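Student: This is what each chain is made of:
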Amino acid sequence: MNLITRQTLPYVLILIAGAFAPFLFRDYSNEIAVLWLMILFASTWDILGGQMGYNSLGNIFFFGAGMYICAIVQIGLYYDVGMYTSGARTTHIVFTTAQYFTGFALGTIAAGVGAALLAIVAGWIVLALRGPYFAIGTLGIAIAAAELTASWEWVGAASGISMPVFPYGPETQKIFFYFLLFSLAFVLLVFLRWLYSTNFGLALNAIRDDEEKAEAMGLHTRRYKRTAWAISALFLGMAGAIFGNMTGFIEPRDIAFPTTTFNLYMVVMVLLGGKGTLWGPVIGAVIFHTIKEVTWTYFLGWQFIALGLLIVITIVYFQQGIVGWLTEKYPKVFAARAKREPEPELGAGLAPHPEGAE
Amino acid sequence: MDHILDNISILTAAPVLNIGLLIDGVLIGSIFALAAYGLALVWGVMNVKNLAQGDFIMLGGYITWSLGRHHIDPLLGVPTAFVLLWGIGWVVYRLVVSKVITRDLFTSLLATFGVAIVIQQSLNLAFGPDTQSAHSGLPTLQLAGGLVTVSVTRLLGFGLAVLLALAVIVFMKGSRMGQAIRATAQDSRAARVLGIDTEKVYSFTFCLNAAICGAAGALVALVWNVQPFLGTTYSIRLFVIVTAAGFGNLPAVIAAGFGMGVFEQFGGFLLGAEFQQALIVILLLGVLAVRQWQYLRVRQAVQ
Chain A
1 MNLITRQTLP YVLILIAGAF APFLFRDYSN EIAVLWLMIL FASTWDILGG QMGYNSLGNI
61 FFFGAGMYIC AIVQIGLYYD VGMYTSGART THIVFTTAQY FTGFALGTIA AGVGAALLAI
121 VAGWIVLALR GPYFAIGTLG IAIAAAELTA SWEWVGAASG ISMPVFPYGP ETQKIFFYFL
181 LFSLAFVLLV FLRWLYSTNF GLALNAIRDD EEKAEAMGLH TRRYKRTAWA ISALFLGMAG
241 AIFGNMTGFI EPRDIAFPTT TFNLYMVVMV LLGGKGTLWG PVIGAVIFHT IKEVTWTYFL
301 GWQFIALGLL IVITIVYFQQ GIVGWLTEKY PKVFAARAKR EPEPELGAGL APHPEGAE
Chain B
1 MDHILDNISI LTAAPVLNIG LLIDGVLIGS IFALAAYGLA LVWGVMNVKN LAQGDFIMLG
61 GYITWSLGRH HIDPLLGVPT AFVLLWGIGW VVYRLVVSKV ITRDLFTSLL ATFGVAIVIQ
121 QSLNLAFGPD TQSAHSGLPT LQLAGGLVTV SVTRLLGFGL AVLLALAVIV FMKGSRMGQA
181 IRATAQDSRA ARVLGIDTEK VYSFTFCLNA AICGAAGALV ALVWNVQPFL GTTYSIRLFV
241 IVTAAGFGNL PAVIAAGFGM GVFEQFGGFL LGAEFQQALI VILLLGVLAV RQWQYLRVRQ
301 AVQ
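As given, the protein sequences belong to chains A and B, one line each in that order. Read in this note's numbering, the first sequence has 153 at position 153, and its numbers run on one by one without any break. Read in this note's numbering, the second sequence has 26 at position 26, and its numbers run on one by one without any break.
None of these hints come from the bench; they were simulated from the model. Predicted, not measured: the structure shown is a model, and the values here were computed from it. Check the hints yourself; a few may be wrong.
[Said to hold, decoys possible] So the derived list for chain A, only partly shown, Cβ under 7 Å to chain B, looks like this:
(1) ILE14
(2) ALA17
(3) GLY18
(4) ILE311
(5) PHE318
(6) ILE322
[Said to hold, decoys possible] Ranges between beta-carbon positions, derived for each pair:
(7) A:LEU77 to B:ASN225: 28 to 36 Å
(8) B:ASP187 to A:LEU9: 49 to 57 Å
(9) B:ASP130 to A:ARG26: 35 to 43 Å
(10) B:VAL170 to A:THR247: 28 to 36 Å
(11) A:TRP194 to B:ASP187: 30 to 38 Å
(12) B:ALA273 to A:ARG193: 27 to 35 Å
(13) A:SER86 to B:LEU95: 46 to 54 Å
(14) A:PHE299 to B:ASP197: 17 to 25 Å
(15) B:ASP197 to A:LEU117: 34 to 42 Å
(16) B:ASN225 to A:VAL187: 29 to 37 Å
[What the hints assert, rightly or not] Sample of chain A residues facing chain B (criterion: CB under 8 Å; computed from the structure):
(17) ASN55
(18) LEU129
(19) VAL165
(20) PRO167
(21) GLY169
(22) GLU211
(23) ALA214
(24) MET217
(25) GLY218
(26) LEU219
(27) VAL267
(28) GLY308
(29) VAL312
(30) VAL316
Backbone N, C-alpha and C fix where the C-beta goes; we use that ideal spot for every residue, glycine too.
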């Protein structure tokens, strides 16, 4: 059996690139780790934004929630959280190696599950909203989470939490967290490939194309919407848990719930790469992150203005994204791919950009 | 929890404090109502939800504050901000909004969010992240033996907001352009068929809205304070007001603006100022949840 087919080739390439990158570019392993995080961000955003047509402006909520849940579990297993985060604490707290890894493993699982549960609860509030109301509502959730966490003394309020220290040296730490983020992103990509090929994926597309009709056809749209958001949240929560430990310090406004940085990067990366495709978000993330890392330092304070301009330009002048543009430009390449779809007659219905969709 | 109960008992022990909060709420609410009117206008006419609304307000505020810093009476900031924001609104309309007006709603929402980020970061670079306030040098009235204080600036701001709102309403009812705007809001295609240049109407509406925001921002700088990143809070506030009232219902928008002002004064007093932003956002979620619940009930009848 030939393992390397057209379908598995991208995954094999990613696996090879991901496994060797930190050793080839030692100095940049942190940046590459963040690149995997960006791919996670973009791909999880696209589950709702691209495949289901629900543009969220608050997915960062699950990232931050996962970060805090993990921190609370890690600390709470062995110490009193209120005491640990207290500003008046003078004692030095050390976690043993076993304590660190048990806490981290349990914390990451709890973060994923907790974030998914939060998605179900939040979905109950906002998922029946449509279009811009959904976007504003989710933005509201993210801002509320940041503000409430920032005045919650028990988790350190605005001054945040210093995470338990990684028990081995800085080099091991880098590689450890790099491979965690990489594996999570890889698992997500494999999982999404499978998910979009199932009836569940088709149901999401049906909701995007016409929710009323989908419901009339007997789809329990609310259940699908909630499940899709919970899947997105599961991965974001785990990513948050890992990233929180990687940076070693968490804080509500700029690290856990950064509504105007990471939160917007997700949307911009997906729009840049191409909405509603499997590889669009990945390509968008790679390009966006590379440009950002290479140019950011030259902007000297202007970087966020550049970000705003980038959003405006992408939205206004280049909305079909790179993959969408390629499809238009080289329809043959993509037509060849469309033949491989199990149900080719659905191909037209799966086109990524329904004009005027809300 | 304890300090909330303490604050409630303060309010019940000294009822006159309620009056003070109420007056402040109404005075500040007038500014919210003014800016919410602008948002409802753009929303109704162009079907664009402008997330840069709060940042236009901050721009107006900073214009007024700069005037005050150059020893010009900051009260002149109201007309100055009105005119300057008209121009800025025109630029934003030409470069961004006119390109996304026919696209889906999320596109315009995100595009204006991008504009909002550009504005707030530019303000941050130009004026720094500190909270600023323009001082008009007007006295504060002491009522009820000093328990209730009303600043003359706030009264004046209230008067100006009402005056401006009246002017806009008269303009919308009376002038040809106002008629054209209302016709476009009702049915843009029919308006085009009847010879109205809807492109011009859109451009005018957006500029008018930006100018209203500029004037509202000037008042904010006078009676309150401005800070580059406060814009988003204002946008959300206005969005809450318009969503709660429904954008076609102008008296309700104005009433909701006052309601928001009063709600915030009491909420801020009871919970403490650090919860102010969270309070507004939670109010947003509450309003959206109620709207969704109404929507679900309608669908139930259909099923």
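Student: Does each hint hold? Answer for all of them.
Tutor: Do the hints match the structure? See the list:
no.: 1; hint: ILE14; verdict: violated, 29 Å
no.: 2; hint: ALA17; verdict: violated, 31 Å
no.: 3; hint: GLY18; verdict: violated, 31 Å
no.: 4; hint: ILE311; verdict: holds, 3 Å
no.: 5; hint: PHE318; verdict: violated, 11 Å
no.: 6; hint: ILE322; verdict: violated, 17 Å
no.: 7; hint: A:LEU77 to B:ASN225: 28 to 36 Å; verdict: violated, 44 Å
no.: 8; hint: B:ASP187 to A:LEU9: 49 to 57 Å; verdict: holds, 53 Å
no.: 9; hint: B:ASP130 to A:ARG26: 35 to 43 Å; verdict: holds, 42 Å
no.: 10; hint: B:VAL170 to A:THR247: 28 to 36 Å; verdict: violated, 57 Å
no.: 11; hint: A:TRP194 to B:ASP187: 30 to 38 Å; verdict: violated, 47 Å
no.: 12; hint: B:ALA273 to A:ARG193: 27 to 35 Å; verdict: violated, 49 Å
no.: 13; hint: A:SER86 to B:LEU95: 46 to 54 Å; verdict: holds, 50 Å
no.: 14; hint: A:PHE299 to B:ASP197: 17 to 25 Å; verdict: violated, 40 Å
no.: 15; hint: B:ASP197 to A:LEU117: 34 to 42 Å; verdict: violated, 53 Å
no.: 16; hint: B:ASN225 to A:VAL187: 29 to 37 Å; verdict: violated, 48 Å
no.: 17; hint: ASN55; verdict: holds, 4 Å
no.: 18; hint: LEU129; verdict: holds, 6 Å
no.: 19; hint: VAL165; verdict: violated, 31 Å
no.: 20; hint: PRO167; verdict: violated, 37 Å
no.: 21; hint: GLY169; verdict: violated, 37 Å
no.: 22; hint: GLU211; verdict: violated, 11 Å
no.: 23; hint: ALA214; verdict: violated, 14 Å
no.: 24; hint: MET217; verdict: violated, 14 Å
no.: 25; hint: GLY218; verdict: violated, 12 Å
no.: 26; hint: LEU219; verdict: violated, 14 Å
no.: 27; hint: VAL267; verdict: holds, 6 Å
no.: 28; hint: GLY308; verdict: holds, 3 Å
no.: 29; hint: VAL312; verdict: holds, 4 Å
no.: 30; hint: VAL316; verdict: holds, 5 Å
Hint compliance for this structure: hints 1, 2, 3, 5, 6, 7, 10, 11, 12, 14, 15, 16, 19, 20, 21, 22, 23, 24, 25 and 26 are not met, and every other hint is.
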